[in-house]
Amino acid sequence: MQFKRASGLITLTTDFGLRDPFVGVMKGSIYRRFPTACIVDLTHEILVHWPAEAGFWLRRCSDYFPEGSVHVAVVDPGVGTARQIIAVLSGGFVFLAPDNGLLAPVVDRDPAAVVHALDTARLAQLGVSAASATFHGRDIFAPVAAEIAAGRCDPRSLGPPVTSIVPSWLEEAQQESDRVTGVVVTIDHFGNLITNIDAPLLRSFVEPHVYAGHQVLPLRRTYADATPGGFLALVNSFGVVEIACAEGSAELALGLSRGAPVVVRDAVRHR
Amino acid sequence: MQFKRASGLITLTTDFGLRDPFVGVMKGSIYRRFPTACIVDLTHEILVHWPAEAGFWLRRCSDYFPEGSVHVAVVDPGVGTARQIIAVLSGGFVFLAPDNGLLAPVVDRDPAAVVHALDTARLAQLGVSAASATFHGRDIFAPVAAEIAAGRCDPRSLGPPVTSIVPSWLEEAQQESDRVTGVVVTIDHFGNLITNIDAPLLRSFVEPHVYAGHQVLPLRRTYADATPGGFLALVNSFGVVEIACAEGSAELALGLSRGAPVVVRDAVRHR
Amino acid sequence: MQFKRASGLITLTTDFGLRDPFVGVMKGSIYRRFPTACIVDLTHEILVHWPAEAGFWLRRCSDYFPEGSVHVAVVDPGVGTARQIIAVLSGGFVFLAPDNGLLAPVVDRDPAAVVHALDTARLAQLGVSAASATFHGRDIFAPVAAEIAAGRCDPRSLGPPVTSIVPSWLEEAQQESDRVTGVVVTIDHFGNLITNIDAPLLRSFVEPHVYAGHQVLPLRRTYADATPGGFLALVNSFGVVEIACAEGSAELALGLSRGAPVVVRDAVRHR
Numbered sequence: 001m002q003f004k005r006a007s008g009l010i011t012l013t014t015d016f017g018l019r020d021p022f023v024g025v026m027k028g029s030i031y032r033r034f035p036t037a038c039i040v041d042l043t044h045e046i047l048v049h050w051p052a053e054a055g056f057w058l059r060r061c062s063d064y065f066p067e068g069s070v071h072v073a074v075v076d077p078g079v080g081t082a083r084q085i086i087a088v089l090s091g092g093f094v095f096l097a098p099d100n101g102l103l104a105p106v107v108d109r110d111p112a113a114v115v116h117a118l119d120t121a122r123l124a125q126l127g128v129s130a131a132s133a134t135f136h137g138r139d140i141f142a143p144v145a146a147e148i149a150a151g152r153c154d155p156r157s158l159g160p161p162v163t164s165i166v167p168s169w170l171e172e173a174q175q176e177s178d179r180v181t182g183v184v185v186t187i188d189h190f191g192n193l194i195t196n197i198d199a200p201l202l203r204s205f206v207e208p209h210v211y212a213g214h215q216v217l218p219l220r221r222t223y224a225d226a227t228p229g230g231f232l233a234l235v236n237s238f239g240v241v242e243i244a245c246a247e248g249s250a251e252l253a254l255g256l257s258r259g260a261p262v263v264v265r266d267a268v269r270h271r
Numbered sequence: 001m002q003f004k005r006a007s008g009l010i011t012l013t014t015d016f017g018l019r020d021p022f023v024g025v026m027k028g029s030i031y032r033r034f035p036t037a038c039i040v041d042l043t044h045e046i047l048v049h050w051p052a053e054a055g056f057w058l059r060r061c062s063d064y065f066p067e068g069s070v071h072v073a074v075v076d077p078g079v080g081t082a083r084q085i086i087a088v089l090s091g092g093f094v095f096l097a098p099d100n101g102l103l104a105p106v107v108d109r110d111p112a113a114v115v116h117a118l119d120t121a122r123l124a125q126l127g128v129s130a131a132s133a134t135f136h137g138r139d140i141f142a143p144v145a146a147e148i149a150a151g152r153c154d155p156r157s158l159g160p161p162v163t164s165i166v167p168s169w170l171e172e173a174q175q176e177s178d179r180v181t182g183v184v185v186t187i188d189h190f191g192n193l194i195t196n197i198d199a200p201l202l203r204s205f206v207e208p209h210v211y212a213g214h215q216v217l218p219l220r221r222t223y224a225d226a227t228p229g230g231f232l233a234l235v236n237s238f239g240v241v242e243i244a245c246a247e248g249s250a251e252l253a254l255g256l257s258r259g260a261p262v263v264v265r266d267a268v269r270h271r
Numbered sequence: 001m002q003f004k005r006a007s008g009l010i011t012l013t014t015d016f017g018l019r020d021p022f023v024g025v026m027k028g029s030i031y032r033r034f035p036t037a038c039i040v041d042l043t044h045e046i047l048v049h050w051p052a053e054a055g056f057w058l059r060r061c062s063d064y065f066p067e068g069s070v071h072v073a074v075v076d077p078g079v080g081t082a083r084q085i086i087a088v089l090s091g092g093f094v095f096l097a098p099d100n101g102l103l104a105p106v107v108d109r110d111p112a113a114v115v116h117a118l119d120t121a122r123l124a125q126l127g128v129s130a131a132s133a134t135f136h137g138r139d140i141f142a143p144v145a146a147e148i149a150a151g152r153c154d155p156r157s158l159g160p161p162v163t164s165i166v167p168s169w170l171e172e173a174q175q176e177s178d179r180v181t182g183v184v185v186t187i188d189h190f191g192n193l194i195t196n197i198d199a200p201l202l203r204s205f206v207e208p209h210v211y212a213g214h215q216v217l218p219l220r221r222t223y224a225d226a227t228p229g230g231f232l233a234l235v236n237s238f239g240v241v242e243i244a245c246a247e248g249s250a251e252l253a254l255g256l257s258r259g260a261p262v263v264v265r266d267a268v269r270h271r
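If you're matching them up, the sequences are chains A, B and C in order.
What the first sequence shows, in our numbering, is residues 1 to 271, in sequence order.
What the second sequence shows, in our numbering, is residues 1 to 271, in sequence order.
What the third sequence shows, in our numbering, is residues 1 to 271, in sequence order.
Each hint should be verified, as a subset may be incorrect.
As the list makes no split between identical chains, a pair holds if one copy fits it or if it spans any two.
With a straight-line Cα cutoff of 25 Å, these simulated SDA-like cross-link-like pairs (lysine to any residue) come out [as the list claims (entries may be wrong)]:
hint, residue 1, residue 2
1, K4, S204
2, K4, G213
3, K4, V263
4, K4, A117
5, K4, A253
6, K4, T36
7, K4, G248
8, K4, T81
Think of the hints as simulated: they come from the structure by calculation, not from any bench.
Can you build the whole structure from these sequences, using the hints too?
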């Protein structure tokens, strides 16, 4: 399913944090062109300069928004260099991001995804230019998102189609004969360790057990299935394996962080 | 006064923080059903897994919103268990939260409050179900709030009336012959210590003095009534006793935290 | 250019943080009077009790919003005292803030700026009064901003014109024969050190070099012009000199903070 009709909604995902006025100014730049935009912050606390985390979340969050929404992601250490900006049409949404691997997880899951690179001359026709070399979120992403979300601009018209983009910085989980191997991608506010192991990889497992740090954990359904303070693993609400500590922080209690290896084995086969 | 007409406004109060896309995804889930919703973040920094703080603030903040608003609070360590979700009609508002004590402060102040428990079969009729066992904020609270705020669903129709809910985790301040005893409930961004001592409890006091840590403090009107760095107590803008340090942090300077006892005595009687 | 027609948009700049419900309650107070307001958070992480930072950003951010927007800034250690609240008309915008130096940077740049002090009697006519002595953001700024943004109230009618306001807490950068001297005003989420040295001050320099801490740095165009971990200086997207560490934090790497002196010399003249 491709992009049909703009919903008027724009989501923002950045590593800007909320301490400075950068996110606010991006919104001002959107509203100047599209005063009735509906803007939703997905998160502005992506690990600084790590596009992989933004792509991980966008792939898993985009579908919860109205069809026809525009998802803008700016994690952009190469701002002001020759790196491209791409528009991806996938699943009824438009995604805008620098071509630095950020959108690879979105493109990789959808063989029907259409990718275009933004063309400077075309942007100039829209009155969009790199006024600064360091804040394309405000100068390019915001006005372009506004034009698309307002339904005034077909993203396919923004530049030439692209057949190859920068690959993801994050390896996919590996499926081997008796195990699946992945890593901790991100840690949430509760200290839950969230991995890149998608639930379908465990489909053939009878009794999956998760190995993380010094723990071997059976898969539970929800946090309260362990006693407070106890560790557990589960498939979380975004469909990936997560390691948690009931009413506590798995991050602190296990001492694990981003990149820590996580393995799932089948206890039945394993015996 | 009960809920009459939806204002279209939904407030969100959670312990999700803003680091992850959880709040953003809840908003997406609301906008999918109700694209013209007006969503306001009350706070997402409730102390993790502590519903009492959410209830404390909701009771004191709800009235500042347009009549007919829907106040959603998700601090929910029991998500995915048999705990109920309740809808409370009070003061012209609807409140939605897990039945874990969170809404007790709201219900306790209003003898006319009406409480209903959400019924799974009824939710199914609205197309709402627990798609996940761990994120009911997205899967249940958001779509139900959207239906109510859009004026398409009477909260009383969502399930059977309930006459008893889980009580508050927080004791009310105690009124004794010559004193009122309470605790620090929360600490704000400025380091002000905010107590559960409501101003009406001090009505009969001629010269109230606040005992906190090693300080005895007369009640002042505003922060600038003490010299910078000096301690003071006042009835804050939400009608409760607060201990502050002018242009400083009472939390750091007094070394007090949540749960610290605070006593108010009448200096006149006390003599 | 003065304020002509309200855009319906209100920006908020405070030192309230996002931990407490204070910002949410301000928004509720706005929506009660003006349900279709468009509210944008500029930032709520202004250094506590430091109006200068709010003024620094407002002057440099206001123009990115639709003409006719209302910019509200509440950094207000003197709340509840005799300090005035002022409305400034400048550049097609209205600014509302306590008269504590916050808006001096906005007024100083615009000889055509018009300043009025809010009059208690006039506010009373609008049904606005200081219900509390400690939260004028909710009780005064929010409803007044709502009335102006809704187009129901000319800011010049709110009280008498004022010819003198409290000056800025922040000195302007100094231009000397062979150098420009300024300070670090704020540090962003990335650890970039942002100074008060506006680019036009360097107009006559052939080869500007920035002296900060133990570094002498030529001016670059963007972050990627230094190798990762390397220091650089640039004119940032808000037109002021900034010291950065490519893919790192200049704050941590240089050990500099707010108030640190920064000097720009011309390498050509200097030889």
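Each hint, compared with the structure:
| no. | hint | in the structure |
| --- | --- | --- |
| 1 | K4 to S204 | neither (37 Å within a copy, 52 Å between copies) |
| 2 | K4 to G213 | neither (46 Å within a copy, 54 Å between copies) |
| 3 | K4 to V263 | neither (41 Å within a copy, 54 Å between copies) |
| 4 | K4 to A117 | within (19 Å within a copy, 40 Å between copies) |
| 5 | K4 to A253 | neither (47 Å within a copy, 48 Å between copies) |
| 6 | K4 to T36 | both (19 Å within a copy, 20 Å between copies) |
| 7 | K4 to G248 | neither (44 Å within a copy, 41 Å between copies) |
| 8 | K4 to T81 | neither (32 Å within a copy, 40 Å between copies) |
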